Every structure is written in C-alpha cells, then in structure tokens.
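*Asks:* What follows is each chain in one-letter form.
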Amino acid sequence: MSRTRLALYQVVLIAAMLAFWFAMTTPGLVSAPFARNTAFFFGKPVEVAKVIVDWFASGKIYPHLGITLIETLLAFAAGSVLGLAIGLWLALSPTASALADPYITALNAMPRVILAPIFAVWFGLGIVSKVALGVTLVFFIVFFNVYQGVKEVSPVVLANARMLGASSRQLLTHIYLPSATSWVFSSLHTSVGMAFVGAVVGEYLGSAKGVGYLILQAEGVFDINTVIAGIVVLTAFALLLDYAVTKIETRLLVWRPRTAETEQL
Amino acid sequence: MTAALSLERVTCTFSGARGRYTAVRDASLDVAAGEFVSVVGPTGCGKSTLLNVGAGLLAPSAGEVYVHGVPLQGINPRAGYMFQAEALMPWRNALRNVMAGLEFRGVASGEAQTRAREWLARVGLSGFEDRYPHQLSGGMRKRVALAQTLILDPEIVLMDEPFSALDVQTRQLMENELLDLWAADRRSVLFITHDLEEAIALSDRVIVLSAGPETHPLGEFAIDLPRPRDVAEIRLSPRFVELHEAIWHVLKAEVLKGYAQGKRQ
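Chains as they are written, first to last, in this note's numbering: chain A, 1 to 265; chain B, 1001 to 1265.
Simulated from the structure, these hints should not be mistaken for lab results.
The hints are all genuine.
Calculated cross-link-like contacts (lysine to any residue; reagent style SDA-like; alpha-carbon spacing at most 20 angstroms):
#1 Lys247/A <-> Gly193/A
#2 Lys151/A <-> Trp89/A
#3 Lys151/A <-> Pro1090/B
#4 Lys151/A <-> Ala1085/B
A quick note: this is a predicted structure, and the numbers were derived from the prediction, not measured.
Excised from the complex, chain B in its bound form (with noise of 0.2 angstroms):
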C-alpha cells in the first residue's frame, strides 16, 4: 500500500544573510493512510521546515515529496495545516473563518454556513459565532483553527506544535478532543512537538529528529498503546512510560546536543 505522504531524501538549505544552512538532509519518513504520526526533536531543528515540504509551502532543494504515491507540486490540496502561530483572519469572526476554506473552494455560501455552524458545534463553541480571533481566548482559537482545517475533510492533516501556546488543562482538554475527532474519521496525522509526552499519548509511531542543522530522522518507536486513550491517564500506564524511557534515551543526547549550539550562537 502506497504511503498517504511519503518524504523522500529530503534536504533543504537556505541562503541567508550569514551564509548558507542546511536545515534538513536526507530526511525521509512515510504516513500511513490513517496513521498518526508525531514527530519530536530538539527546537530549532528544523521539525517546522519538513512539515513546510510535506504542505507543498516550500520546494526542496533535493529530494521528492509523494502524496498517495504521486509526486507533490505547489500546495499539497489532500492537506490541511494547522499552525503553531495564530492563523485566523482577524477581520473575520468565528465562523467565516470556518468556513473561509469552502468559501475559497466555491461553495455556495449558505451551505458554507451550515457546515461551518455544524463544525464549530463539534470543537464545542456553539454560541461563539460571531466573535472575533481578539475575544475568543487562546484555547478557542485553536478550536476554531481546528474546525477550520478539518471542515475541508483533509486527507492529511499536517500539524506544527498545535497546542504549545496553551496552559496544561486547556492542552489535555484539547488533546483528547483531537483524538476524539481523529478516532471518528482516522485521517493521516503528522504531528510536530517537542514534547514527547504529547506524541507518546496521541500516536501510533514517534519519530525522533536529530538536532540541526542537517536535521534527519534518527529512530522510529511504534507506539502499542491501547485506543481509546485518555491522555492524561495513559501517562501513568507502565507501557507509556517504558516507551518514554526508550525515546528520552535517544533524544536526550539530541536535545543537549541542541542546547548547546544554542548557546554557542
């Protein structure tokens, strides 16, 4: 079976002000059709630039990028994207940013609605339609990015640090919510953390990144934690912490390794 998104000896570099970096070199990794697949790493190690590839928002220097086994050009269109930065348009309220996505796609506006209303009922704002990105705390406006990607019923959903602006409940909240609605239509999920904890609990497999430049995967981890997970249950299970163990030991080196560049610069 052909991967839902497979990244092939992929390597990037810029040209910059202080010369040229490479901040990914052969790095490949497959999604499988309805897998969810975290990706952790050190900061800074290029985690963000591979999902960029995988999302068609940046070209490679090298190396090939294959959605259901044909080659990628331009935007990914089987992908949706869901930033670690604010990505909502201000100027517009909750839900026309929904259903912003169909509305660039020509659905008849009416429909769009309806739709959009049934979306933010599902990540629970009902009620909030007509606030805008400014009123809405940190917490809902993921919410509405969520409703906002997956309303177009990506195939792939690529996403970046999600959920690392928000305080712990709020993320744990969200975390089993995006697992509840991952578990209702198994889409391909890449997931970028840093945080391992996170990627242990939501996925099937954990990719470990080494530290940039020249960011490539260093191990897989299959992750056979029983479904449905409760996130913040299943961190005391014996099995996640196991896991966990075998993961820290090959990222740590990575993550010293990291930090210590970091302070070099």
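Same shape as in the complex, but just chain A (with noise of 0.2 angstroms):
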C-alpha cells in the first residue's frame, strides 16, 4: 500500500469509529433511553472535544500538565543516575553483584507500583513522592541494561583500550561508560515511557496537581466526558514526549550503525 493511501485509511478508521461513537450515544439515531445509558459510560465525543478546547483555551490543563511533565523528567533522570551509577557498580564488581542478585531479582519481579501508597505517607502528595514511584520504574529498566552494556563490551575493544595503554580509571570512562550510556539510550522510550507511567499513576493515587489529579477529579463526579478528555491529552502528550525521545536518540547515537540507510524514492 503506498503511503498516502495508508494515511488515508488510518483518517477514515478513526473517522469511523468516532463516528460509530457519535451514533451510539446522541438519542434520535439510536432510541433515546439506550443513548443516555451508553452517553453516561462512554462519554459524547462532542462534549469530550469541548472539555478539551476549554481546557487549552482557558489555559486550565497547563499548570497541571507542566507538574506531570516534570515528575517525568525528575523520575526518568533521577532512575536514570542511580541506575546508571548502580548498573556500572555491580557490573565491575562480582562480588557486590553475587551479594546483590537476588534481592535485585526479586525487586524487579515486585509490582512496583503498590509502592505507591508507601511513597505518599513517606513523601506526601506532591510532587516528590511522584518522582520517587517513576525512580523506581525507570531505574530497573537502566540498571538491567547498564549491567548487560558493561558485561557485553567486546573484550577485543577492552584489550585494544588497555594496550594503547588505559588506566583501569579510563577504561571506565572511554570504555564502560560509553558503552552503557548505548544501552541507556536503545531503552530510552521505554524508561520514558516508564517515567510518564510512574507521574500519573501517582498523581490518580493522590495528590493536588497534575492530569492525573484532573481524571481522579472527573471520576469522582462521574463526569465519563473529563475522564476521557483526560486520558486524550495524556495519550497526545506521551506521543510528543516519545517524538522528542527520538529525535534526542538519532541525535545522540549518530555512531550506532542502522539496519536499513537506503532511502526510499
């Protein structure tokens, strides 16, 4: 299929089920008490779209979108460090690796996002016990490919480093670091990702500020049209958020061979 074609088809997929979404829920194209039952579920797509003008025309949504932007940033730079610092640690070193493996395995298999409520009475409802739910998201998705990073530099390059004659303390930063920061960047998008999870789940638990705080809100009032007006500024916002992760990487990564660098005319 060519290319416009293929965005035409996606335009009218949407299309239809907005459509088929419209039908179902305005009475008169359906009988009138089964479109106030599925309008009460499912919300109208014309009252979802005005929240969401109102919101950005009022300028409402942006306070609240800006302290959700920044627990993800804090949370994926701040899992990112200490995954990165941890990561380079246990991989140098067998023995705090050997110490450590099984608490790590069975911290990793722990869902993480029961912390929650922990996080909430240790840090209160801002912004920080937010951050600290996405650390611990975001930080075993770094750590696990750090510790693979180091433990796949390849031992030509580390012999090659050592006979030009670097220290054990420059085969850290021009070889491991290097090498583990790679990895860092391939899982990016997902400790993004990650990191987004971690603010709003914890904003939707508790808190003051935030979309998530705004769904929690509308949930509570039943009011179905905020909630997914909500849920539609996450999903575009985590869409913006993982086109800039990807311009970042090509940005950074210029030296990682592509599969494919033919061009199609």
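Hey, can you piece these two chains together into the complex? The hints should help.
*Replies:* This is how it looks when you write it as structure tokens:
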C-alpha cells in the first residue's frame, strides 16, 4: 500500500470509530434511553472535544500538564543516574553483584506500583512521591541495560584500549561508560514511558495537581467526558514525548550503525 | 644483542568446562630489534595465545617473557597490538580512535589531534576523520587500526592475522603499505597468520608452529628475498617458490593433523 493511501485509510478508520461512538450516544439516531445509558458509560465525543478545547482555551490545563511533565523528567533523570551508577558498580564488582543478585531479582519482580501508597505516606502528596514512584520504575530498566552493556563490552575493544595504555580509570570513562550509555539510550523510549506512567499513576492515587489529578476528580463525580478528555490529552502528550526522545536519540547515537540506510524514493 | 621480545619455554594451560587444555607447551621464540618475524601454523593452534602472552594480556602458566632483556610484568608498554577482530571503539570517529592512545597517555588534545591527522594521512585516510567505524569499509577500518597502533611509536608491533578478513586485492595493498611503513622506521614485528604466502612475502624469518594442543615451534626459516618487496610480484620469483616448498613441506603435515583433530571434535 502506498504511503498516502495508508494515511487515508488510517484517517477513515478513526473517523468511522468516532462516527460510531457519536451515533451510539445521540438520541434520535438510537433510542433515547439507550443513548442516555451509553453516554453515561462512554461519554460523548462532542462533549469530550468541548472539555479539551476549554482546557486549552482557558489555559487551565497548562499547570497540570507542567506538573506531570516535571515529575516525568525528574523521575527519568534520577532513575537513569541511579541505574547507571549502580549498574556500573555491580557489573564491575563481581562480589557486590553476587551479593545483591537475589534482591535485585526480587525487587524487579515486585509490582512496584503498589509502593505508591507508601511513598505518599513518606513524601506527602506533592511532586516527590510521584517522582519516587517513577524512579522505581525507571531504575530497573536502566539498571539492567547498563549491567548488560558493561558485560557485553567487546573483549577485543577492551584489550585494545589496554594495549593503547588505558588505566583502569580510563577504561571506565572511555570504554565502559560510553558502552553503557549507548544501552541506556537504546532503552530511552521505555524508560521515559515508565517515568510518565509513574507520574500519572502517582497523581491518580493521591495528589493536588497534574493530569492524573484531573482524571481522579472527574471520576469522583462520574464526569466520564472529562475522564476521557484527560486520557486523550495524556495520550497526545505521551506521543509528543516519544517523538522528542526519537529526535534526541538520532542526534546522540550517530555512531551506531542503522540496519537500513537506503532511502525510499 | 638482546632480542626486542623473547618468549622462553612458555606454557599456557587453560582450565575450562571440558577439563584442562594446554594450548601452548614449551614454546620459545625471539624477535630481534627491527626484525619482521611471521608465525604460521594451522588454524586453532594457539598462535593468538602466544601473541597475547607477548602483549602481556595473558600471563603464561610457566615460562618467561623478556622485553629487551627485562622480564615482562603486566601489559607490555613497548608493544602495539593489531587485533584480528574489530577493535576500534564504535562510539569514536576515525580521528578520535587514532588519538585514543595519546589521550590515554595524557598528550594535550590539540597536539594529539594534529598527530592523529598526520597518521590518518599516512594510511591514506585524509578526509575520513569524522567517519565512525561503521561508516568505513573493512579495509579502511584496518588502516585506522594500523594508525591507532603505530601513532604510539611502539618498539614491537604484534599483529594477529590483521588482514585475514579482507578481500585479496585490498589485502595485497595493505601488505605493501605495511611494508612501506615498516621500512620507514624498522620496528620489530611479530606477525601471525595462517597464510604461508603472506608470511614469506612480508618477513625476514618465518616460524612454523605445530598443530594444537601443546603447540610449539617446529622450525625456522630465514627469508633471504631482497627488499624492498612488492607482495604481489615477489610471489612469482623462483626463490619464493623454493622457500614456499620447503616451509610447506613442514607445515603440511601439521595442517593435516589440525584438520583431522578438527573433524574429530
């Protein structure tokens, strides 16, 4: 299928789904009691659009989006730095790694979202508890990638650097660290996504600001339109974030071979 | 005169999953200052093990290594090593790969860059400074590796089948370039190969190793072909053919032995 045709079908698909949603919730097109029921459970597309337009027109959404963004970025940064440091340390120290191994496995297996109430008690309902939740999610992704990255440094590249006179400190900064960071970048999409999940889930479980908070408030009064509007905004925001990550990634990983470098004309 | 590099009764035993394995037993060899020595032997006979011992990357189980008469401990600081596999740092471009050794030795960045540019020019890669290894062809990567090794002005150059991955034409070009570079400032070279023709064409002396395990030198042949040589033309000279016949006579039995062992495993 050609590109334009594919895009056309994609638009048709979403339009059809919106039309179906609209039809099922509009009295007159379906019977009035049925429409009332479906509108209660699924909201109405036009109302959802109105909420979103109102949010952006009045600027009411920006402080909430800002908070969610800050939480995401802080969680990502703190989780990455921690994961990088501890990953490097454990990968380079066999004793520490052997000692920590079962606990790392256990912590990773634990459903960490469940820590949110504890963090709320520890750090209150502000930003910190959400960042802490995001950090626990991001940390393990980065940690395992760094650990793997260090273990998989090519022994030949390592031997070569040693023959060129690198001290063990220089091996760390010139071989292990670049190799590990490349693995961190390759997991960038997942870890930014996880930081975002941590922020939103944290907000949803107890907060005074953020998009998750908006959704929680609306749910409390069965305002399904606002809930869906919040979900739509979050999704759009996640897509933007992902796009930004792709941009950063291609800039930082120029040295990495791409599988296909030919261009379709 | 003491040899630039001498291995005395070196034995290397590895303990692996399938029990102990002695790759090299009682191997002795010398490389005089300014001499080009090749070591040939059947594949898998422990040639690389010998080279790693000479480089100080591997401590022998028994025996001694002397560098200009001084016992070697740890990495051999007077040796440069050109590996068979890809050894360039993939996250550094050609220029920064070539200057890596200078950087490790604390040479100021400006001076290191100037010298790296000179060396890239010497191996015919001016204009490719900004390319990353994956953007270079196999032959170009070998040139970068050669410049990376030689820029440190090592007294002993260890080469482990450096050109075995190249096609025949590129290989002959590289061999001639290597001879030119070598003739310019006569370092000691210990060159490992499984290709007898390459060994004869390049060397002052060819050492034949027995098939593994328990590899040891079987014989030595002085190559009295006139220099400067052209590797493609010298192969046609009658003296080359004579030498080839004499060495092959010794090598053939070992190659067959190695082949038979390979089949049994």
